[in-house]
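Peer 1: What follows is each chain in one-letter form.
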Amino acid sequence: MADDKPKRVTDIGPPHYEKFLPPVIKDNYGKWKYHEILKPGVMVHYGHSGDKLFTVRAASPRLMSIDKMRDFADLADKYCDGYLRFTSRNNVEFLLTDESKIDPLIEDLKALNHPVGGLGNSISNIVHTQGWVHCHSAATDASGIVKAVMDEMYEYFSEMKLPAKIRIALACCLNMCGAVHCSDIAILGIHRRPPRIDHNTLERLCEIPLVTSSCPTAAIRPTTTPEGKKSVEVIEEQCMFCANCYTVCPSMPLNDPLNDGVSIWVGGKVSNARTAPMFSKLAIPFIPNNPPRWPEVTDAIKNIVEVWAANARKYERIGEWINRITYPKFFEMTGIEFQKEHIDDFKFAGLTYHRTAQLVR
Amino acid sequence: MANLPNTPKLDELTKGPWPSFVSEIKRAAERSDMCKDLLGLLERSYNEKIGHWKHGGIVGVMGYGGGVIGRYTDLPEEFPNISHFHTLRINQPAGWFYTSEALRTLADIWEKHGSGLTNMHGSTGDIIFLGTRTEELEPTFADLTAAGFDLGGSGSDMRTPSACCGKARCEWACYDTMKACYDTTMRYQDELHRPMFPYKWKFKFAGCPNDCVASIARADISVIGTWRDDIKIDQAEVKNYADAGLDIFDDVVLNCPGKCMKWDGNTLEIDNDYCRHCMHCINVMPKALAPGDKRGATVLIGAKAPIIEGALLSSVVIPFIDIDEEYEEFCDIIERMQDIWSEEGKNRERVGEFIQRVGMGNFFEAAEIDLIPEMVTHPRENPYIFFEDYYEEGDEEEEEE
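From first to last, the protein sequence lines are chains A and B. Read in order, the letters of the first sequence are residues 1 to 361 in the working numbering. Read in order, the letters of the second sequence are residues 1 to 401 in the working numbering.
Calculated directly from the structure, the hints in this document are not laboratory data. Backbone N, C-alpha and C fix where the C-beta goes; we use that ideal spot for every residue, glycine too. Incorrect hints may appear among the rest.
Said to hold, decoys possible - Which residues of chain B face chain A? A few of them, derived with a C-beta cut under 8 Å, are: (1) Cys165; (2) Thr185; (3) Pro286.
Stated by the list, open to error - Okay, the calculated bits of chain A under chain B, using three or more residues with CB under 8 Å as the criterion: (4) 173-179; (5) 256-267.
Claimed, not checked - Straight-line C-alpha distance at most 30 Å; calculated DSSO-like pairs for lysine-lysine: (6) Lys161/A <-> Lys39/A; (7) Lys33/A <-> Lys112/B; (8) Lys165/A <-> Lys239/B.
When you get a sec, could you build the whole thing from the sequences and use the hints?
Peer 2: Next comes the structure, spelled out in structure tokens:
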């Protein structure tokens, strides 16, 4: 039987990156000497060859239309022979060799409402998840809070007036597609109501042994309903709302408008500079969802950033600052109330108890 | 002009200096009925404070088990154009470099087959095409592969590896991150497209200990560039930084975690035997200091977010490997560890959790990896030691015979 259809192509992998590198990068690949930040959002890399590569970094909302993609392509053609890249924090970077084109590019970016900044001691773009735009397990929206927070913190993106950098991240549930758990400030959507079990669909949609074993606190056990349906029951006082059961079983949703909201975490970092990488720690256990601008969340973040900025030493990230001043001082200085929820009661909780008489007054 | 739904709450988010995702959705809605319905649905979520998406659904392209996330609204009667709104993950070029031509190609494909909304990029690094119907998946895939792009990972497969820009634009890159990322992606195409593991399996390649891709927090295999010889110093440039107002003692010396630096006002001295390769001094004085010439990487294993047993950071497997030269050896070690986890790991158990369960000593021993003090912050504090052998009376005599 003749097969005249074109062969289906699979497993080709991504295009090779060399196709997308500008000549100045190919010429200086692995041969860069040093760099300087010239002004907010603009840096230059010097090659051992004497070549210079200018980078202009601009904000992006991550959620982009193809029209914006084409706008960026047009700017890349106009100013940098068509070469650009995106960063690990969803900024867009234009790669120039002609210094005189930097300011006109910045003007064009401003006209498109894309501020330039995010380098050096600033707040870079917030990495975040999908939220209500596209996710089934979201306890809050992602893009909306990010927009509201960055509108409020805009000056710290477009200027470099902080003691050190701040990395903010948002995840709309504990699955943490954004892996926010090592951020200077993490915004984390949380549920507070145990799963509502749909006994009518559970047996059909879910594997009961998988559901019971999915629970980190063993709060789920198999049961048979009075109507004779095979299902599960949840020991509610053992539920800490991780939603892992919902991930494996659609009949156990935790989403609930009355009880879903946002928690704020502080002091994480991934860089090895000075101190080892650290997890973020709980600052505020719960703030209700208040769309479209979540003012309680933006106020809380602004407060933490500004208290830190006023008191930290040069280069001291939020977690390093708190470790120096200690957590009691952090709560005192920020005015955040310390609550029972701040005390860990999961695995290895004892390691977080204050096991020394060293205390500040 | 498209007739867009009334969205007073979302409209609030078109104001302010930060670029607006709502404006992006509205722009795409000029041509896409999917985006019109998405605006209506999202406004409803903003009013009701709850999402309106159903739980997953298995869709994909033929022969692949990953790369597409099924998504359906729970209000299909009201918003029929997003009754299907699936996501495609498309493997990004290493380092996220593009040409304008490549971006336009992607935009054209997505205009033809989907909503016109994207994420540049998703958390793992993929290009995200947000929102299309099941019947468009194969045609989108055909156009993507014709343009030289392929899908990324999802589910219990190897996820799309990512890398910082490395040697392309950073003087601190201690190995070729983009090459390692590309080579790893190509070597494991089968693992990437066809779920075969207990759970997800992520690689991230960072060129130096600043770890711009957060590998230590979220990759099962974190490869972080480092060096083994002395930090390179240009004393004249150090002096220039000092003359320009940098307080070398307060800002550099006091921040050194190994306390291995001295500054007498003229010369910066580093006792490199105690340098911890943290990058702080180099970050502060990039013109004066640089990583040495004997460059390579530290390989760590096991990072993950909280689900299920709690968050973990990666921990050291190989303190130093010249990964550019010894890539095959790197892969061999990774595959030995991967095989054990793949065989013995429980369903939805990340390798970091698996190691916690079976014990790191047992895990590395099974993978034939030498146990070294670099693997722990400190030796154990408890005396509950699982000694593996003991003597019976008479054993000593037997040994002497």
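Peer 1: Could you check if Thr185/B really has its C-beta closer than 8 Å to a C-beta on chain A?
Peer 2: 5 Å, holds
Peer 1: Verify the proposed pairing of Lys165/A with Lys239/B, using a straight-line Cα cut of 30 Å.
Peer 2: 25 Å, holds
Peer 1: With a Cβ-Cβ cutoff of 8 Å, does the stretch 173-179 of chain A contain at least three residues near chain B?
Peer 2: It holds, with 6 qualifying residues against the three required.
Peer 1: CA of Lys33/A to CA of Lys112/B, is that 30 Å or under?
Peer 2: 44 Å, violated
Peer 1: Examine the stretch 256-267 of chain A: at least three residues should have C-beta closer than 8 Å to a C-beta of chain B.
Peer 2: holds (count 3)
Peer 1: Within a Cα-Cα threshold of 30 Å, do Lys161/A and Lys39/A meet the stated pairing?
Peer 2: 12 Å, holds
Peer 1: Have a go at the Pro286/B hint: is there a Cβ in chain A nearer than 8 Å to its own Cβ?
Peer 2: 4 Å, holds
Peer 1: Against chain A, is Cys165/B within 8 Å by beta-carbon distance?
Peer 2: 7 Å, holds
Of the numbered hints given earlier, the model fails hint 7 alone.
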